[in-house]
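*Asks:* Sequence:
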Amino acid sequence: TYLFALIPTDTLTVYNARDMVSTGLIDELCHAQVCAQPNLKMIWDEVEHPASWSFAISSHWGVPISREACEHVVWHADEQQRLMEPQLRKYCGPTMSLSAPKQIASFIFGPTDKGGLGIQPTKTTKKTGQASADKESIKAVESRHPFCKLYGSFTYWDGFREKAQEFLWYLR
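Mapping of the sequence shown onto my numbering: residues 1 to 172, in sequence order.
Read the hints as simulated data drawn from the structure, not as lab findings. Where is the CB? At the ideal position from N, CA and C, for every residue including glycine. There may be inaccurate statements among the hints.
[To be verified] Only pairs whose alpha carbons sit at most 25 Å apart, straight line, appear in this in silico PhoX-like list of lysine-lysine: (1) Lys-102 / Lys-114; (2) Lys-163 / Lys-139; (3) Lys-135 / Lys-123; (4) Lys-102 / Lys-90; (5) Lys-114 / Lys-139; (6) Lys-135 / Lys-163; (7) Lys-102 / Lys-41; (8) Lys-90 / Lys-135; (9) Lys-102 / Lys-126; (10) Lys-139 / Lys-127; (11) Lys-90 / Lys-139; (12) Lys-90 / Lys-163; (13) Lys-123 / Lys-102; (14) Lys-114 / Lys-149; (15) Lys-149 / Lys-135; (16) Lys-139 / Lys-149; (17) Lys-102 / Lys-135; (18) Lys-127 / Lys-114; (19) Lys-102 / Lys-163; (20) Lys-139 / Lys-102; (21) Lys-123 / Lys-149; (22) Lys-127 / Lys-90; (23) Lys-90 / Lys-126.
[To be verified] Quick list of simulated restraints, FRET-style, between CB atoms: (24) Thr-122 / Thr-11: 39 to 47 Å; (25) Gln-120 / Tyr-156: 19 to 27 Å; (26) Thr-122 / Gln-33: 33 to 41 Å.
Generate coordinates for the entire structure from the input sequences, incorporating the hints supplied.
*Replies:* Written out as structure tokens, the structure reads:
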């Protein structure tokens, strides 16, 4: 939405035209099928169609947002993580970087005799073949140790901070 302002008009016009044609083709393909099923038609009529108009309006006009609100989101995410960090440190110690996926993976999936939690990894990275500590991997093992669930909550706030910081870049 706000990034569209950075795209040259000629490129944006072509993109919007293709998007509109694609959306129209999908509507033509699916709308009759949705209307043929009473439960789906009710959801379309009462939820999806009104939401579509709301999305279209916000896409066209933008969504009001303030620098102060974004700064507050960044502060709040930092504060939430600050409160969680001592709990995480009880398990992993003071030296591990909580923002280093390789260290996190080594701790969670590493053997207990080397200070790890000894949890079996659910997937590995394509590049190195090592245990992955991405969101899906952490979510899959969060019930196996309190650190995993807490770490999942800890990293949840990264997304809020990153998005708010991204918006701040474009706000005057």
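*Asks:* Confirm or reject each hint.
*Replies:* Going through the hints against the structure:
Restraint check for Lys-102 and Lys-114: satisfied, since their Cα atoms lie roughly 15 Å apart, inside the 25 Å limit. Of the supplied pair hints, the one linking Lys-163 and Lys-139 holds, its CA atoms being roughly 21 Å apart against a limit of 25 Å. Taking the CA atoms of Lys-135 and Lys-123, the gap is near 11 Å; set against the 25 Å cutoff, the hint holds. At roughly 19 Å between alpha-carbon atoms, Lys-102 and Lys-90 fall within 25 Å of each other, so this suggested pair holds.
Between the alpha carbons of Lys-114 and Lys-139 the distance comes to roughly 23 Å, so the proposed pair stays at or under 25 Å and holds. Pair hint Lys-135 plus Lys-163 holds up; C-alpha atoms about 17 Å apart against a cutoff of 25 Å. Of the supplied pair hints, the one linking Lys-102 and Lys-41 is violated, its CA atoms being roughly 48 Å apart against a limit of 25 Å. For the hint pairing Lys-90 with Lys-135, the CA-to-CA distance comes to about 21 Å; that is within 25 Å, so the pair holds.
This hinted pair checks out: Lys-102 and Lys-126 have alpha carbons roughly 14 Å apart, not beyond 25 Å. Between the alpha carbons of Lys-139 and Lys-127 the distance comes to roughly 21 Å, so the proposed pair stays at or under 25 Å and holds. For the suggested pair Lys-90 and Lys-139, the alpha carbons sit about 20 Å apart, so the restraint of at most 25 Å is met. Proposed proximity of Lys-90 and Lys-163 is contradicted: the alpha carbons are some 29 Å apart, above 25 Å.
Restraint check for Lys-123 and Lys-102: satisfied, since their Cα atoms lie roughly 13 Å apart, inside the 25 Å limit. A hinted pair counts as satisfied when its Cα atoms are at most 25 Å apart, and Lys-114 with Lys-149 qualifies at roughly 21 Å. Proximity of Lys-149 to Lys-135 is assessed by CA-CA distance (about 11 Å); at most 25 Å being required, the pair is judged to hold. Pair hint Lys-139 plus Lys-149 holds up; C-alpha atoms about 7 Å apart against a cutoff of 25 Å.
Of the supplied pair hints, the one linking Lys-102 and Lys-135 holds, its CA atoms being roughly 13 Å apart against a limit of 25 Å. Our distance criterion of 25 Å between C-alpha atoms is met by Lys-127 and Lys-114, whose separation comes to about 24 Å. Taken as a hint, the Lys-102 and Lys-163 pair is honoured in the structure, with Cα atoms around 23 Å apart against an allowance of 25 Å. With a C-alpha separation of about 16 Å, the suggested pair Lys-139 and Lys-102 falls inside the 25 Å cut-off, and the hint holds.
Annotation: proposed proximity of Lys-123 to Lys-149 holds, straight-line Cα distance about 17 Å (limit 25 Å). With a C-alpha separation of about 31 Å, the suggested pair Lys-127 and Lys-90 falls outside the 25 Å cut-off, and the hint is violated. Under the criterion of a C-alpha separation no larger than 25 Å, the hint pairing Lys-90 with Lys-126 is inconsistent with the structure, at around 31 Å. At about 41 Å, the CB distance of Thr-122 to Thr-11 agrees with the hint of 39 to 47 Å.
Taking 19 to 27 Å as the suggested C-beta distance range, the pair Gln-120 and Tyr-156 conforms, at roughly 23 Å. The hinted window of 33 to 41 Å between Thr-122 and Gln-33 holds, with their beta carbons roughly 36 Å apart.
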